[in-house]
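Asks: Go ahead and model the full structure; you've got the sequences and the hints to work with.
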Amino acid sequence: MSDFQYVGKPADNVDGLAKAMGQAKYVGDYQVPGMLYAQVLRSPVPHARLVRLDVAPALRVPGVVAAITSDAFANHGLFGWPIKDAYVLAHEKVRYVGEAIAAVAAESVEAARAGLAAIELELDELPGVFDLTHALDADAPLVPLVSPTGRGNLADTLIVRNGEPGPLLAGCPVQLDESYWLHHQEHAYLETEGALALPQGDGGVTVYINSQSPFITRDNVAAVLGLPAERVRVIQPPVGGSFGGKDDIGYQSGGQVAALALQTGRPVRLTLTREESILASYKREAMQIRIELGAEGDGRLRAARVHMLADSGAYPSMTPLAAWRGTMHAAGPYRYDAVTVDTQVIYTNNGYSGAFRGFGNTEATAAIEQAVDELAVRLGRDPIDLRLQNCVRQGDRVMTGNTLQHAAGLADCLEWVREKSGWEARRAEYARQPAGRERRRGLGVACYFHGSSLGGEGADYATATMKIESDDSVTLTSGLTDYGQGSRTVFTLIAAEGLGVRPGRIRMLRPDTQTSIESGPTVASRSTLMGGNATRVAAQNLDRLLGWAAAQALGCAPAQVMRHGEQYIGPSEEPLSFELVTARARAMGLVLSAHGTWHMPHIDWHFETGTGVPYYAYVFGAQVADVEVDTRTGQTRVVQVWAAHDGGQVIFPQGAVGQMNGGVAQGLGYALLEEMTFQAGYPQSLNYDGYLIPTALDMPPVEGTFIESSFPEGPYGAKNMAEPLLIAAAPAIANAIFQATGRRQRSVPMTLEQVLLGHPLAAGAPREQCRVVTGVGPDAGEVH
Amino acid sequence: MKLDFELNGAPVTVEAPGSLSLLALLRDRLGLTGSKPGCEIGECGACSVLLDGEVVNACLTLAAQVHGRRLVTIEGIHAADGGPNDLQRALVTAGAVQCGYCTPGMVMAGEALLARTLTPSREAIRTAISGNLCRCTGYHQIVAAIEATAAQRAAREAGR
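Chain order of the listed sequences is A and B. Sequential numbering from 515 applies to the first sequence in this note's numbering. Sequential numbering from 29 applies to the second sequence in this note's numbering.
Since the hints were derived computationally from the structure, they do not count as laboratory data. Where a beta carbon is used, it is the ideal one built from N, C-alpha and C, also for glycine. Be aware that one or more of the hints could be misleading.
Beta-carbon label-pair distances, calculated as ranges [said to hold, decoys possible]: (1) A:Asp899 <-> B:Ile69: 44 to 52 Å; (2) A:Pro596 <-> B:Met29: 54 to 62 Å; (3) A:Leu1211 <-> B:Ala108: 33 to 41 Å; (4) B:Glu34 <-> A:Val1153: 44 to 52 Å; (5) A:Glu952 <-> B:Ser158: 19 to 27 Å; (6) A:Arg911 <-> B:Arg144: 55 to 63 Å.
Covered stretches of chain A, going by a simulated chain B footprint (3 or more residues, C-beta under 8 Å) [claimed, not checked]: (7) 519 to 529; (8) 537 to 547; (9) 1145 to 1153; (10) 1168 to 1177; (11) 1194 to 1206.
Replies: As structure tokens, then:
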């Protein structure tokens, strides 16, 4: 289907062999002479005023070299975006169990832990806010120091205003009004958070850190240290998974180790234990979503009204932006005459929440796709038929009122999963199961749309650089990074395609704020589209230089030069090697380096009016899940999944398949296994023994495909993968469980207890376990 | 205590507290950082090593337990020329490596299985790596790589 040389062809991950041989060095693998080990004192309670904090006793513990509090930072280490109210180390209050209070650097981890235990900490415990639905009550305790909205625990409000759904809903013969609960999810990346800071002679600091976005990490670390940005250099080693999870937490840990390194003049490394990671890091926000839908008797959707509550926890982090994305997708990928969405982002003392793969659309889709399924039942319609009747196609207006400008493969995705899953036959077979059968099968579907890149969140651009070295290898940089998703391979393939050289000639440099060019955050599945286009432009710019040199060497016009593999061929058909052309280019005095920048076409979303264009383009997909529910235990086994995704041209096929399988796995975990619950602010699981993620035995076969709708503005026609592959699994499984059991879940995760009893089992609060992890000594922490 | 054991084919002697975990011994004392800490409670398998051919979690194994035994870590898995072996190549070809943090442990679990059988069923492969968590890949490409390696090694043995 394409005449590309490298794009869309099987390729090896450029970092794969080093990783498979155990040679890739992650931040925790670095050992530097003279290195100190950092440990962090964390809050043992969900909400308290800091009455007294004295780190001087820690300095008397043998081996301890430095101990710091928020006083070590400019403006007490205040940071955060879009709401700036977080601290590198707690200031005035602690607001969640695990919040960092003080940091110690010592000759060994053991000495640092002893140092933590010696810190004198006095906390005046405050009443907490744990119930999202009562956080805005007049008598609710205030979680932030100052309310950013002036309305108590309300952190932010987000809206969509597309017509007036009220009268339409009232007039619809078929209506639905249901609420859905989506609980927290932990990223559970295999590598925990870590950072290593090396003081530099000039008063600056170099930080190796497994954060997603090195430039944003640099800017935050520089700001909290009160240093100019150029004095802080951030280098990203290989990152052991992130899924949205290694942003803000890295600004904190990066700031902590950088301050300790500057104070001691020695390298300082911090790596979190799994328990600390789960206690301290942010989660996928919990949401409660109420959906009202109205349809005509023939199935035509008329109107939707959605209310969302998002639990940001103690700090907003990215929750306002994730909630915005959720808001922009809350009524699903359907045509409506009118839609409104009202979303409130709310502070509680339930840990804190932020970015996680799908970024609000995971929750929004989990809700709306169950609701549409419920509506299909009320209409007496097949769930896929109803979706196909209403789903958006090119030229349609989506729920936010903007017109879908580009080819949209949503209907194709639905058709594909219907055919491959044998939908009609299976649905009919499962509908005939005898009432008394205990192991019951069900088939469910869900589909999605997902706005590409940042959209209305902010400026959307990326830059790549390429340089031909003296040995004729090509070095490539990008301001966007790879924490496992494969973008370094994607960029390498695009660079190879654009320059017409073997991928093996290209070496992608590690992300480094001193050598690559700032490109915004590595989020929103924007790497292939934004970074890929920047790389394509850089490669074409470099190719133009070589084209001039080849033309001169071949004695023809640049337009007459043809390429065959790496060779340059003139009108008389004599081939020149890449090396001869670069030699000629150097002789001509050309500088064999180029950069490429790409900006997303401009769009405008008006946050105040809830109108405009939230995204320039969208990707689409659909999944069908076949499940077996044991009605005696409530256990659900996913038997098979069929998945179709339209992300435009696939660049790196094995990587795309990995995104699909991995997305289904995380979606399956979200749907069935992963209980990140808080009891009175205390997380109930702190390691993989309690927080269960899918194993190889939990994974069903996945039959998948990529519908590659045309997107001419993308790099070789590509849009994106990554996040959206996760989001259909949970609602597809929920809808399958409904067919199997006849009971709607309306709550994620659908654990054994949830499926069997209709509610989760209340667990005991492991306060003591949390307390041990926080580093507070048995006698030291005084909590009133 | 003094520990004598075979490490990746060569005899070694190290002085270490017997209560030290094998993972700490490898990473902090011997500089072998291919075995990864992921949970340190034996749940994730990122620190898998082969002790007398059996997969064990280095985080749950005491350094003292390796005395007199044969230990193979990811650093001991490679082709004769020191480059990647067939399983390591197959993992990359299959697209089974994303963030890569679980990959060394997956290699160890795969090698342990392939030492027992070159005709494992898909189910047997899934069971063999069920103690190794991966958050990126959804496992299928890892299973496919082990399966492909088994078939290649079986064909090579049959050809001898």
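Asks: Is the coverage entry for the region 519 to 529 of chain A by chain B consistent with the three-residue Cβ rule at 8 Å?
Replies: Coverage by chain B holds here, the residue count being 4 at a Cβ distance below 8 Å.
Asks: Quick one: are Pro596 of chain A and Met29 of chain B within 54 to 62 Å, going by C-beta?
Replies: Between Pro596 of chain A and Met29 of chain B, where Cβ atoms are some 56 Å apart, the hint holds.
Asks: For the region 537 to 547 of chain A, does the count of residues with a C-beta closer than 8 Å to a C-beta of chain B reach 3?
Replies: holds (count 7)
Asks: Go check the region 1145 to 1153 of chain A versus chain B for me, would you? Three or more residues, Cβ under 8 Å, otherwise it fails.
Replies: violated (count 0)
Asks: Could you check the hint for me, namely that Glu34 of chain B and Val1153 of chain A are 44 to 52 Å apart, CB to CB?
Replies: At 45 Å between Cβs, range holds.
Asks: Counting residues of the region 1168 to 1177 of chain A with a beta carbon closer than 8 Å to any beta carbon of chain B, are there 3 or more?
Replies: Held - the region 1168 to 1177 of chain A has 8 residues with a Cβ nearer than 8 Å to chain B, which meets the minimum of three.
Asks: Taking 55 to 63 Å as the stated bounds, is the beta-carbon spacing between Arg911 of chain A and Arg144 of chain B within them?
Replies: Because 60 Å falls inside the window, the suggested range holds.
Asks: Starting from the range 19 to 27 Å, see whether the pair Glu952 of chain A and Ser158 of chain B falls in it by beta-carbon distance.
Replies: holds (26 Å)
Asks: If I claimed the Cβ atoms of Leu1211 of chain A and Ala108 of chain B lie 33 to 41 Å apart, would that claim hold in this structure?
Replies: holds (34 Å)
Asks: The hint says 44 to 52 Å between Asp899 of chain A and Ile69 of chain B; measuring C-beta to C-beta, is that right?
Replies: Since the Cβ atoms of Asp899 of chain A and Ile69 of chain B sit about 49 Å apart, the hinted range of 44 to 52 Å holds.
Asks: Under 8 Å between beta-carbons, do enough residues of the region 1194 to 1206 of chain A, three at least, approach chain B for the coverage claim to hold?
Replies: The restraint on the region 1194 to 1206 of chain A holds, since 3 of its residues have a Cβ under 8 Å from chain B and three suffice.
In the structure shown, a violation is registered for the earlier hint numbered 9 alone.
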